[in-house]
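Could you put the whole structure together from the sequences, leaning on the hints where they help?
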Amino acid sequence: MDDKLDPTAPSQETNFSVHAQEVRSFRYGDIIFEEGGQTSQFAAILSGQVVILFRGKKVRVLGEHDVLGLESLVLKRPSTISAMALTACRVAFYGPETLDYFLRNDFRMSERLLKSVVQQLALTTQKIADKDREFSLDDVKMRFFSNDDIVMEEGSYSLEFYKLVSTEGGLVLSVKGKELARVDRPGEFFGEMEALLNLPAQTTVTSIGQSAIQIYPTSQLSVIAELYPEVALQMIRSLASRLMDMNRKLAGETA
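For the sequence shown, this note's numbering gives the first residue as 20, with consecutive numbering after it.
You may find that some hints are simply not true.
[Stated by the list, open to error] Straight-line alpha carbon distances no greater than 25 Å define the calculated DSS-like cross-link-like pairs of lysine-lysine that follow: (1) 95 with 76; (2) 76 with 160; (3) 77 with 160; (4) 95 with 77.
[Stated by the list, open to error] FRET-style restraints, in silico, Cβ to Cβ: (5) 124 with 42: 21 to 27 Å; (6) 238 with 175: 14 to 20 Å; (7) 194 with 95: 52 to 58 Å.
No lab work stands behind these hints: they were computed from the structure.
Computed from a prediction, not measured in an experiment: that's the story for all the values here.
Think of the CB as a built atom: it goes at the ideal place given N, C-alpha and C, for glycine as much as any other residue.
Have a look at this one:
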């Protein structure tokens with residue numbers, strides 16, 4: 020977008036290459052800024068997407084050329100948010116001297132910095148204004164799991180159900196250590212049957228590689244189904260697909 024920082028644009032390339040303290044690559048799930056952490060840098064996303072979280076809840080998603088960490092640097096306060104890589108991404112970091120340079124010597128870059136922050140503020144303000152009117156899918160929690168992390172344990176109770184956002188190797192559904200099925204398609208739901216019927220988890224769900232998962236409260240299911248019928252349909256499809264896979268597996272074992 021024109022209103023965002025563009026570190027790769029010809030008119031800005033020299034400034035950014037001279038003043039960047041470092042350029043780092045992040046895998047998805049890596050923490051870029053940590054809530055409560057002190058920072059003496061701000062950053063610009065060169066590629067990929069970054070999710071901004073407040074107390075574990077998604078606030079917004081930033082993309083290429085967006086700026087982050089500027090408010091903590093300017094106000095000299097600990098970070099009020101966490102920033103995590105939602106995809107593989109490259110991020111350039113700049114010190115306070117870069118900000119001072121732009122403010123004193125480059126009106127165009129100062130304007131772009133300001134616009135990026137104002138746009139994020141406008142999006143966040145609008146989200147707060149809409150919060151009381153209806154349940155938003157953007158309000159659900161996002162969690163990141165590493166290889167062999169247990170997402171849901173057989174026999175446990177939960178008032179939440181889950182949606183797979185992205186994964187490296189999928190999620191293994193097993194009973195007593197024996198694999199029954201896998202959840203590997205982004206958008207698939209799991210844990211909804213147990214949560215709805217207040218049953219203990221029938222399977223253990225284990226992450227293979229890195230996985231990002233959204234967590235939904237069962238108490239909001241009726242609201243979600245009413246406001247987002249496509250989500251209810253997606254849940255039905257996930258259940259039907261899983262049932263079909265398990266039937267096929269059972270038929271193979273008894274043949």
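So, against the hints stated earlier in the document, which numbers end up violated here? The structure breaks none of the hints.
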